[in-house]
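Protein chains: 4
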Amino acid sequence: MTAIMTRLAPGPLRLSSSTTAPGRELRMSEIDAADALVTSADPLHPANLIPELCASFYRLGWVTGTGGGICIRTGDEVYIAPSGVQKERIEPGHIFVLPYPQPSSPSPHTDRIFLRRPKLNLKESACTPLFWNAFEKRNAGSCIHTHSQNAVMATLLWEGDMFEISHQQMIKGVRKGGNGPTLSYLDTLKVPIIANTPNEEDLKDSMAEAMENHPDAAAILVRRHGIYVWGDDWQKAKTQTECLDYLFEIAVKMKLAGIPTVLKD
Amino acid sequence: MTAIMTRLAPGPLRLSSSTTAPGRELRMSEIDAADALVTSADPLHPANLIPELCASFYRLGWVTGTGGGICIRTGDEVYIAPSGVQKERIEPGHIFVLPYPQPSSPSPHTDRIFLRRPKLNLKESACTPLFWNAFEKRNAGSCIHTHSQNAVMATLLWEGDMFEISHQQMIKGVRKGGNGPTLSYLDTLKVPIIANTPNEEDLKDSMAEAMENHPDAAAILVRRHGIYVWGDDWQKAKTQTECLDYLFEIAVKMKLAGIPTVLKD
Amino acid sequence: MTAIMTRLAPGPLRLSSSTTAPGRELRMSEIDAADALVTSADPLHPANLIPELCASFYRLGWVTGTGGGICIRTGDEVYIAPSGVQKERIEPGHIFVLPYPQPSSPSPHTDRIFLRRPKLNLKESACTPLFWNAFEKRNAGSCIHTHSQNAVMATLLWEGDMFEISHQQMIKGVRKGGNGPTLSYLDTLKVPIIANTPNEEDLKDSMAEAMENHPDAAAILVRRHGIYVWGDDWQKAKTQTECLDYLFEIAVKMKLAGIPTVLKD
Amino acid sequence: MTAIMTRLAPGPLRLSSSTTAPGRELRMSEIDAADALVTSADPLHPANLIPELCASFYRLGWVTGTGGGICIRTGDEVYIAPSGVQKERIEPGHIFVLPYPQPSSPSPHTDRIFLRRPKLNLKESACTPLFWNAFEKRNAGSCIHTHSQNAVMATLLWEGDMFEISHQQMIKGVRKGGNGPTLSYLDTLKVPIIANTPNEEDLKDSMAEAMENHPDAAAILVRRHGIYVWGDDWQKAKTQTECLDYLFEIAVKMKLAGIPTVLKD
Chain A
1 MTAIMTRLAP GPLRLSSSTT APGRELRMSE IDAADALVTS ADPLHPANLI
51 PELCASFYRL GWVTGTGGGI CIRTGDEVYI APSGVQKERI EPGHIFVLPY
101 PQPSSPSPHT DRIFLRRPKL NLKESACTPL FWNAFEKRNA GSCIHTHSQN
151 AVMATLLWEG DMFEISHQQM IKGVRKGGNG PTLSYLDTLK VPIIANTPNE
201 EDLKDSMAEA MENHPDAAAI LVRRHGIYVW GDDWQKAKTQ TECLDYLFEI
251 AVKMKLAGIP TVLKD
Chain B
1 MTAIMTRLAP GPLRLSSSTT APGRELRMSE IDAADALVTS ADPLHPANLI
51 PELCASFYRL GWVTGTGGGI CIRTGDEVYI APSGVQKERI EPGHIFVLPY
101 PQPSSPSPHT DRIFLRRPKL NLKESACTPL FWNAFEKRNA GSCIHTHSQN
151 AVMATLLWEG DMFEISHQQM IKGVRKGGNG PTLSYLDTLK VPIIANTPNE
201 EDLKDSMAEA MENHPDAAAI LVRRHGIYVW GDDWQKAKTQ TECLDYLFEI
251 AVKMKLAGIP TVLKD
Chain C
1 MTAIMTRLAP GPLRLSSSTT APGRELRMSE IDAADALVTS ADPLHPANLI
51 PELCASFYRL GWVTGTGGGI CIRTGDEVYI APSGVQKERI EPGHIFVLPY
101 PQPSSPSPHT DRIFLRRPKL NLKESACTPL FWNAFEKRNA GSCIHTHSQN
151 AVMATLLWEG DMFEISHQQM IKGVRKGGNG PTLSYLDTLK VPIIANTPNE
201 EDLKDSMAEA MENHPDAAAI LVRRHGIYVW GDDWQKAKTQ TECLDYLFEI
251 AVKMKLAGIP TVLKD
Chain D
1 MTAIMTRLAP GPLRLSSSTT APGRELRMSE IDAADALVTS ADPLHPANLI
51 PELCASFYRL GWVTGTGGGI CIRTGDEVYI APSGVQKERI EPGHIFVLPY
101 PQPSSPSPHT DRIFLRRPKL NLKESACTPL FWNAFEKRNA GSCIHTHSQN
151 AVMATLLWEG DMFEISHQQM IKGVRKGGNG PTLSYLDTLK VPIIANTPNE
201 EDLKDSMAEA MENHPDAAAI LVRRHGIYVW GDDWQKAKTQ TECLDYLFEI
251 AVKMKLAGIP TVLKD
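Residue numbers (UniProt numbering), protein chains in the order written: chain A, 1 to 265; chain B, 1 to 265; chain C, 1 to 265; chain D, 1 to 265.
No lab work stands behind these hints: they were computed from the structure.
It is possible that part of the hints are untrue.
Since the list can't tell identical chains apart, any single copy or any two copies may satisfy a pair.
[Unchecked claim] List of simulated lysine-lysine pairs, DSSO-like, C-alpha gap at most 27 Å:
#1 Lys264 to Lys176
#2 Lys176 to Lys123
#3 Lys137 to Lys190
#4 Lys137 to Lys119
#5 Lys123 to Lys137
#6 Lys190 to Lys253
#7 Lys119 to Lys253
#8 Lys123 to Lys255
#9 Lys137 to Lys255
#10 Lys264 to Lys137
#11 Lys190 to Lys119
#12 Lys264 to Lys123
#13 Lys255 to Lys176
#14 Lys253 to Lys137
#15 Lys119 to Lys255
#16 Lys190 to Lys176
#17 Lys253 to Lys176
#18 Lys137 to Lys176
#19 Lys264 to Lys190
What you are looking at is a predicted structure, and each value in this text was computed from that prediction instead of being measured.
Generate coordinates for the entire structure from the input sequences, incorporating the hints supplied.
This is the structure in structure tokens:
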């Protein structure tokens, strides 16, 4: 069962025991207050940005067929798109808002607390527990998930548990651990590859483990599935996703052309 | 010869013997009522959606050179684009509206009944009998036909009568039979391939046969031609077309790179 | 030397000896009348269409780097874009209007007659004599020239003087001779390939010869350069260019994958 | 330390010793005057053009992940985008304006003089010293830097210090030295390739040396990084970049297909 928690926007979050009680119904004034969380004339407000960015990701082939997406965390609020919808047609009113941190880490086995849920019959993104990994382990402000074919082809051509490329200018656009200093041109970029699972939520533990084992990793590839990339904010998450996608694409071209992708200095 | 049947929009359909008489001319007031069927300020009205979706399919390379398109069925009305026109430049006034069901199933050998025809010298899509297969055999609410090169290349590299791929996340976006539950990551996606015919209408019987022989098939590939994909509504037809097109594209890349496309568990 | 001839739009063309006299200067009222030829609120007016279509061709990669373009002939007037400009940034005021027929066929060796020339320091498209081939030999209403890499790759992989492909649905979108009935799925599409010349205008004679020797040809490929495609009007020229470009693209993919591009029935 | 110099737009530049003194703070009236340099209703003003062009370069895949960009010099003023930002989201207010010439050539080791700097915490493009090479050695009015994969793949498949291709129509869109007459179809296009360096600024000397050693070169490729292209103005820089990118793309396709890229006449 899922509880809905409300707050008056834009004041500070107040978690009272009564508002978090599972099953409690929202009053109309609370619904209006919750909707204020996704209503803004500012194009850079997360509820406006997520639809715009998802539409541009669609044009890049990253989120076709309802897959993939982006979440944005602004301090103690997390904005998340619905699952199973056309990502290029999301509207601000479709956005979920969750408090951060949650009383317990989101997983398929715990109830989630919401600050705002769409009135439509929508479910929050199945990536939610994976996004939470990025918040909890890297203090991320945003996390992007794509099904880019460049990422998937990389997981097919790099058969082990690590993608590697060196000596490419675009490596410099990636940050150590996703939230540290940018890599140098002389660094070898390494991205861990984990196995896919039938249910997206079940990637949570193996993704968390790969992040812990590889603290310098800026992203996690999921074999035959796609990638999760995070950053301090949506700008950094997005530009790092672009750099990584570029590197997967050129690495695949190089591998197929017989060009080594890692040079020894 | 083709009869034109009119109705007052938006009331329920009334098929009277006089209005279905072949060759009967429409009176002006009937024409106005028929035009109301394709006149709406709602961007999600089928007469507005079909032009918008066809323009986006054009940008994807699915419907260039006048080929391909989408039809939408809303209960007892079917909205269909014209044949032989630039699909990215369709206007709502170009849309045909047919009643569903038709007195007899549309084929090249029977007259079709229309609720509304464009005043221009246009002919309804040559895909009409194929779209009807999707309505009659899967109760579809929408059917999409593309000439995507990914689909055509798949029919060239899979020489038998079935395209197959396993262990790809995007398989989860496809529904059993096109209108059932979504497939699992552990399911192998299979799409029947039928031979092309010189006249598009003549695909009707072999497409129908493949749909009957393969009740789990979510689409039918036509060798050296393209694909037909259907769904409960336009959203599901479109997202399934995107998932399938993604899978054909990556399967072709995998095959050309020597990577097996079906894994044994 | 180039003469400028004016007319009052939109009346019928009057060629008087005085207005065609080489070197005669235009009076201001004549300039205004000439500008009326490219001034219209109708988006389908050739002076508006050419900029719009060139911008869409740019997005397709057909006319980057100032190359390529489209001309439109409406009865006795020919609308042509300037040469050497960014094709995605053309404005109606940049368009040249020439009478058809010209007193003598345009070539690098004869002066051209204009109904309207831009005030800017622009030169008409270097393709003008090639476009004229399409008017004179096929009575075309429009001709398109692209530098599409699909066309150029086809001229590199088909080393003889003819590109051929059979058994592709998109063949049905091409017309016999470019202006006749559409081809059948059972027809083999053949497009002559001529050698490139250092000066674009010098292609005129070899293109004309190929058109005469192959009256069924719907287009002429120029090796290491691109393609010329024509049609009865801009719609047919454009959709045939799309079909041909699709066929070159898939033929190149097939050839590189070792799949035969022509089947014997 | 970096000094900021102001001037009243749009009058001629006056370099007084007081305004160039390192570390001097700007007064508010000076800031307003400086902002006038990037405030214009003309879409062709450099401060408006750079954001528009960068957005279109982003769609071409040339400047994703914050890399690449364009600078424009109009007489004695140079307009430059910031470094490390999303290039498709630049606004006129983000643009830097520098005087040309600078008291000393920009390098990592000298302070730069600005006519206008954004109020935000931004840094001018790391390409600035490379752009200066184009101004100083070719009197360029604009210089473009891309990370296009076509350029990078060319530097990987051409292992020596020179990319070469002959007998392609698009060669005609490139100018000798970048600012001379256009090449002929019979000319072989040659683009020098220099090694990448960990810091972009450190390319300055090797790029300058390659430009001096190859006065006919219209651009400089940087291995595993991208390309620098210049021209008399932004139009010529852009169309030459398009021609070169086309030639790298088709040359890579030809090389991978086993087709020679240089023919002996």
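The hints, checked one at a time:
Taking identical chains as interchangeable, the C-alpha atoms of Lys264 and Lys176 lie at most 27 Å apart only when both belong to the same chain, with a minimum of 20 Å there against 37 Å between chains. In this assembly of identical chains, Lys176 and Lys123 lie within 27 Å of each other by CA distance solely across copies; the values are 21 Å between and 33 Å within a copy. In this assembly of identical chains, Lys137 and Lys190 lie within 27 Å of each other by CA distance solely inside one copy; the values are 18 Å within and 40 Å between copies. Taking the shortest Cα distances, Lys137 and Lys119 never come within 27 Å of each other, neither inside one copy (32 Å) nor across copies (34 Å).
With identical chains, the CA atoms of Lys123 and Lys137 are at most 27 Å apart within one copy only, with a shortest distance of 25 Å there and 30 Å across copies. With identical chains, the CA atoms of Lys190 and Lys253 are at most 27 Å apart both within one copy (18 Å) and between copies (24 Å). Neither within a single protomer nor between protomers do Lys119 and Lys253 lie at most 27 Å apart by alpha-carbon distance, with minima of 45 Å and 42 Å respectively. Within a single copy, Lys123 and Lys255 get their C-alpha atoms no closer than 40 Å, and across copies no closer than 36 Å, so neither meets the 27 Å cut-off.
In this assembly of identical chains, Lys137 and Lys255 lie within 27 Å of each other by CA distance neither inside one copy nor across copies; the values are 32 Å within and 38 Å between. Within a single copy, Lys264 and Lys137 get their C-alpha atoms no closer than 32 Å, and across copies no closer than 35 Å, so neither meets the 27 Å cut-off. Taking identical chains as interchangeable, the C-alpha atoms of Lys190 and Lys119 are never at most 27 Å apart, the minima being 42 Å within one chain and 37 Å between chains. Within a single copy, Lys264 and Lys123 get their C-alpha atoms no closer than 48 Å, and across copies no closer than 33 Å, so neither meets the 27 Å cut-off.
When the C-alpha separation of Lys255 and Lys176 is checked against a cutoff of 27 Å, the pair qualifies only within one copy, where the shortest distance is 25 Å, while the shortest distance between copies is 35 Å. Proximity of Lys253 and Lys137 under a CA criterion of 27 Å is satisfied in neither setting, with 33 Å inside one chain copy and 35 Å between copies. Taking identical chains as interchangeable, the C-alpha atoms of Lys119 and Lys255 are never at most 27 Å apart, the minima being 48 Å within one chain and 45 Å between chains. For the identical chains of this complex, Lys190 and Lys176 are intra-copy neighbours only, at 10 Å inside a copy versus 38 Å across copies, given an alpha-carbon limit of 27 Å.
With identical chains, the CA atoms of Lys253 and Lys176 are at most 27 Å apart within one copy only, with a shortest distance of 25 Å there and 31 Å across copies. Taking identical chains as interchangeable, the C-alpha atoms of Lys137 and Lys176 lie at most 27 Å apart only when both belong to the same chain, with a minimum of 14 Å there against 38 Å between chains. Taking the shortest alpha-carbon separations for Lys264 and Lys190, only the intra-copy value of 15 Å comes in at or below 27 Å, while the best inter-copy value is 29 Å.
The earlier numbered hints that this structure contradicts are 4, 7, 8, 9, 10, 11, 12, 14 and 15.
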